[in-house]
Amino acid sequence: MGKVDLQVQLGPLKLKNPVLTMSGTFGFGQEYGQYYDLSALGGIIVKAMTAQPRLGNPPPRIAETPGGILNAIGLQNPGVDVAIAEELPPLQDLRCQGTLVIGNVSGYSFDEYCTVTKKLSYSGLVDAIELNISCPNVKGGGLAFGTHPDTVYKVVSGVRAVCDVPLIVKLSPNVTDITEIAFSAAKAGADILSLINTLSGMAINAKTRRPILSNITGGLSGPAVKPVALKMVHQVSQAMDIPLIGVGGIVSGMDAAEFLLAGATAVGVGTANLMDPLGALKVVQGLERFLEEQEVASVSELIGGLIVCL
Amino acid sequence: MGKVDLQVQLGPLKLKNPVLTMSGTFGFGQEYGQYYDLSALGGIIVKAMTAQPRLGNPPPRIAETPGGILNAIGLQNPGVDVAIAEELPPLQDLRCQGTLVIGNVSGYSFDEYCTVTKKLSYSGLVDAIELNISCPNVKGGGLAFGTHPDTVYKVVSGVRAVCDVPLIVKLSPNVTDITEIAFSAAKAGADILSLINTLSGMAINAKTRRPILSNITGGLSGPAVKPVALKMVHQVSQAMDIPLIGVGGIVSGMDAAEFLLAGATAVGVGTANLMDPLGALKVVQGLERFLEEQEVASVSELIGGLIVCL
Amino acid sequence: MLREDAEKIQTAIIVDNRPLVSDVYHLILKAPKLASEAKPGQFVMVKVASGLEPTLRRPFSLHRLDRRAGQVEIIYQVIGKGTDILTERKPGEQLEILGPLGNGFCLQEGKRVGLVGGGMGIAPLLAVAEQAVQEAIEVVVFLGARTGDYLLAKEEFEHLGQVFVVTDDGSVGEKALVSKPLEEYLQNQQLDLILACGPTPMLKALAGIVETQGIKAQLSLEQRMGCGVGACLGCAFPVKAATPEGYTYKRVCHDGPVFGAHEVLFSVPKEVTKQGGCSCGQS
Amino acid sequence: MLREDAEKIQTAIIVDNRPLVSDVYHLILKAPKLASEAKPGQFVMVKVASGLEPTLRRPFSLHRLDRRAGQVEIIYQVIGKGTDILTERKPGEQLEILGPLGNGFCLQEGKRVGLVGGGMGIAPLLAVAEQAVQEAIEVVVFLGARTGDYLLAKEEFEHLGQVFVVTDDGSVGEKALVSKPLEEYLQNQQLDLILACGPTPMLKALAGIVETQGIKAQLSLEQRMGCGVGACLGCAFPVKAATPEGYTYKRVCHDGPVFGAHEVLFSVPKEVTKQGGCSCGQS
Ligand SMILES: Cc1cc2nc3c(=O)[nH]c(=O)nc-3n(C[C@H](O)[C@H](O)[C@H](O)COP(=O)(O)OP(=O)(O)OC[C@H]3O[C@@H](n4cnc5c(N)ncnc54)[C@H](O)[C@@H]3O)c2cc1C
Ligand SMILES: Cc1cc2nc3c(=O)[nH]c(=O)nc-3n(C[C@H](O)[C@H](O)[C@H](O)COP(=O)(O)OP(=O)(O)OC[C@H]3O[C@@H](n4cnc5c(N)ncnc54)[C@H](O)[C@@H]3O)c2cc1C
Ligand SMILES: Cc1cc2nc3c(=O)[nH]c(=O)nc-3n(C[C@H](O)[C@H](O)[C@H](O)COP(=O)(O)O)c2cc1C
Ligand SMILES: Cc1cc2nc3c(=O)[nH]c(=O)nc-3n(C[C@H](O)[C@H](O)[C@H](O)COP(=O)(O)O)c2cc1C
Ligand code: FES
Ligand code: FES
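Protein chains in written order, with our numbering: chain F, 1 to 310; chain D, 311 to 620; chain P, 621 to 903; chain B, 904 to 1186.
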């Protein structure tokens, strides 16, 4: 690689470059590790882990939409214990090479979030934990933890208390005011915020008159959501001072640069991995090329560099 | 046209077919009326009207995004008085031919909504009024009227009191729980709901480091948003019993059919008019062809016909 | 930086792309590496257009592997956006493909192998039939389709072994499901192994037949896919397993597309506790 | 059902599409109806690909109208997604275009007309130069570009009238802005009318010059567009008007793209009261 400095300081985390792969689109790294050397990445956020193994939703789980996809995987994962025993150890080499390994924690109850976080944090196998609070709060009547400031505060502070590594909180875009949620998460102790998770959506086959996904609804991701994600990243970065991971529809170095300009310190690549096995690698390379072309010596110069004058 | 029955009963409104053109994408019908006979449409929802003339936002006002566009027109319109005097009279012929003419009312204050509605309603020039409550509530601190159940209730009931024609309330998708807003609007007297208005979004030119829109943010529409719109239409139609106009990313007869299956009684075509001057006409024709192919005698059979069984 | 599997990302040249029937096309690709490495029953993910639309690649089985000519063949039906765009691609143009993917069929266990194909499921059976004959394994072929026109590659199969055909409209062969000639055949004759591809109801019926008769069978399954490489868990298919629920999900793209008939579960037991809906819709 | 303007939706055949310079292409289209009806200064909206991507059509001025051959020509610079796709389209292929759109230049007022073009703004001036010469109007041409290579159609202009050229790098002509040779020319000679197209700063400078000198001028403007037909108000450009604010917005697609130099406002006064942001972002 060239002379451009790609390192960024994401709150307490030092990244060799600002490109992370997003949870659920990269498994535990094994498959894409056959395609390229994962140490080219800033970090890997692995598939969501829950307290118990989860089978996930019946198929179909994926629907294509204009410029995006819907998914309803349903958090299929082997459970945090198996993940700690089998999935995370093979990734430890990467950490020596400066590529972060980040756990993604999901749950259906306050206790589950805490249990999983505690185990992961104590395992010593992850550099940070990302909390996915877009899942339904069963005790709270099924409304997601991530859509109300109070539950966000409660979950994040609960998890914070048992988490010995930096804590990233991943925000749902399906809210009236994302800054309100971001404030709660920050106040409760989040070190970093990642945004956005998927938009709630649905696809229908008009001929069969049925939803395409067995789950009826799914989460929308991919290029189609980029404008929504950019706006939320910009809005939160204007409203408060917390490091952000910008996520949503990034497929190129230019897309990544847009998120950095909007105020993110790092970016996450999700659907692009599905579109192309080299998707995340191409974002790293594209970002480096973009900086070279623009004669920017360090990627940090882009962060929050949007010029807004009316 | 063929033997398929395209008529639908949209609450108090009888439509010759379920396809409406959406506000802001069809002007006052004049331009597209040069391309085709507008009586082919179920109805036309004209450009937003405000109490005073509004210049709108500085350019650029349009940005293209993957599968969609962002717009920040800024409600440019000649004001309701000029609209009544000059823009609406030429459309009256269409009403004789059974194509509805629907006014779209915007405002920046409670009073403005009521003033504009009263004038339009008393003009006798529109078959119904669509209330666009996605605009900022200046007195309420800039938060949109349409994002909080209480303000929705207040505005809709105020407008309802001065509105002698059927009242359509257009919902913003930028909310945590669309059914909550829908309930408020219905309780306050809305006859019909249209959803969705645009998603809030942003586009950046990474090379110039500037937002593409002069307004920085804009409203996302077009095929990219279809999954979000479909989901919200389905969700509201499951939660309550009020006629719905389904809007968001419709470009084909098949898209229209999907919204009808999800629970809408009529559909709105917006961005498709920009993509192709015959956009809305093609939706009407495509829907008719779809029904013929599927051997459905009446379009009403599709409404809410989604088959959901796990 | 790149590792071995990156070689699966290949630029093929279109040699031919024309309709066999109105809505079924035959695509011939120059792709020497793929032709030499792929096994029958494996598949490729095709990027039908450059740019972002459509979002995902499309999975197609390899219909034929011509190692000498460095060519592979695909037969595809025009279903929607992706296959529609594919019909417009012309000879001489480049096509980005990802493959070979998945496990493929395994012929080891048979001396006389039955190949059962329904509809587009006929496509991948030609490659395995050709390999079988090369390995001196006898093939007996059972094909079913809507009409005679859709009995794809019937002539090619007839050069390789005995062929039984049925159609939905009786235009060629008996008006029946493909399970019928198979069951009739099995009344007098024996098959060591059955390899099948076709619509899920056909495979389900077949799984019942082979269980009753105690014949080993491999089924090639289809599922909507995301990544195609095993990472996203998008292409789940339920298989029997010693979990508390009695099943688990395997990945068609990575653990399949070929599964043992005995392990496939065609319908998932209704979940007792359906969790509340999630704000992201994902779970 | 269809009305007159529907004829503006035309299927053109690509006759040629090749680079003039690395990032500037010359596109020749067979489109007899358009060629016979369009006026210089009008434009077309080109659907660069079938399907949904990119969402919008791309506006391009008509560079040349060859009524006899039934052909129109466009010169386009490769900027982003749309023009990139356009470079891939090949002779013989169809291209859906919408046009002619907009008002076009008006030559009536001049006996000796100055044509001022900067960068890609040179493109539409050839059509109007050719028409002027046909109508026995004298043209004096002022062209400015990055380098000599970008002085598009310089030779063609030289057949039609006197041509002055400048470049940003001095590779051809003087290293100057195009306003320089124009001002020098005006010191000794007279022009009845100026028609101009180019980057906004150039047009702004020009508007100043013609105002000082009291020359009539028409400027062809650019703006990001939605519909191209006047309905969406996407392509607003501020012009002076007797509103309380002193200006109003006109539509480049429908009221333009050609505007009188005296009416165009190049920067909007900062609005005193900026309304709060809207939940849809639209207002
Ligand atoms: C392993 C495998 C092998 C296949 N082999 C063949 C083959 O040899 N010949 C052939 O004609 N078809 C084959 N299919 C089916 C083929 O992939 C689909 O018909 C095709 O993807 C439809 O794409 P579309 O864009 O035209 O349809 P659309 O309906 O527009 O596609 C929308 C989305 O759904 C997916 N999809 C739709 N139908 C199917 C399906 N049946 N299976 C999987 N995904 C689907 C598409 O890939 C796309 O992501 C195979 C599928 C799999 C999984
Ligand atoms: C009336 C008119 C006439 C024009 N004539 C010519 C011509 O003859 N030759 C030529 O090379 N260019 C011309 N342009 C500019 C041309 O339209 C843009 O360069 C082109 O749209 C860029 O498209 P893209 O997809 O490559 O770029 P992108 O940046 O990917 O386009 C994104 C969006 O922005 C719009 N856009 C980007 N730049 C411009 C621009 N300068 N003006 C208007 N819209 C823009 C695109 O149309 C598209 O909607 C003209 C523009 C207008 C308004
Ligand atoms: C197939 C798939 C599975 C996902 N699974 C998870 C998950 O388990 N946990 C989570 O927090 N986000 C999950 N996501 C969301 C992504 O991590 C990411 O936030 C989202 O896709 C937006 O980014 P993108 O547009 O780059 O894909 C998933 C997304 C996809 C497409
Ligand atoms: C250029 C443009 C202008 C719009 N102006 C208005 C408006 O004035 N009032 C309104 O209620 N909605 C307005 N909308 C929103 C549309 O009416 C419609 O709700 C939205 O575009 C979603 O539908 P679509 O995806 O079919 O475009 C506008 C949309 C566009 C693209
Ligand atoms: S398609 Fe992603 S795991 Fe199979
Ligand atoms: S582009 Fe729609 S009004 Fe000009």
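Derived from the structure by calculation, the hints contain no laboratory data. It is possible that some hints are incorrect.
Said to hold, decoys possible - Derived pair list, reagent style DSSO-like, types lysine-lysine, alpha-carbon separation capped at 30 angstroms: (1) F/K207 <-> F/K3; (2) P/K836 <-> D/K592; (3) D/K497 <-> F/K207; (4) P/K836 <-> P/K659; (5) B/K1143 <-> D/K592; (6) P/K860 <-> P/K659; (7) B/K984 <-> F/K3; (8) B/K1107 <-> B/K1143; (9) P/K860 <-> F/K282; (10) P/K710 <-> P/K731; (11) P/K710 <-> B/K950; (12) F/K207 <-> P/K659; (13) P/K795 <-> D/K313.
This structure is a prediction, so every number in the text was calculated from the model and none was measured.
How the hints compare with the structure:
1. F/K207 <-> F/K3: Roughly 55 angstroms separates the two Cα atoms, so the pair is violated.
2. P/K836 <-> D/K592: Not satisfied, since the Cα-Cα distance of roughly 53 angstroms exceeds 30 angstroms.
3. D/K497 <-> F/K207: Violated. D/K497 to F/K207 sits at ~35 angstroms, over the 30 angstroms cutoff.
4. P/K836 <-> P/K659: Distance of about 20 angstroms is within 30 angstroms: holds.
5. B/K1143 <-> D/K592: Not satisfied, since the Cα-Cα distance of roughly 39 angstroms exceeds 30 angstroms.
6. P/K860 <-> P/K659: 26 angstroms, holds
7. B/K984 <-> F/K3: 28 angstroms, holds
8. B/K1107 <-> B/K1143: Since the Cα atoms of B/K1107 and B/K1143 sit roughly 14 angstroms apart, the hinted pair holds (cutoff 30 angstroms).
9. P/K860 <-> F/K282: Not satisfied, since the Cα-Cα distance of roughly 39 angstroms exceeds 30 angstroms.
10. P/K710 <-> P/K731: 41 angstroms, violated
11. P/K710 <-> B/K950: 21 angstroms, holds
12. F/K207 <-> P/K659: Roughly 35 angstroms between the alpha carbons, so the hint for F/K207 and P/K659 is violated.
13. P/K795 <-> D/K313: Roughly 34 angstroms separates the two Cα atoms, so the pair is violated.
Hints 1, 2, 3, 5, 9, 10, 12, 13 from the earlier list are contradicted by this structure; the remaining hints agree with it.
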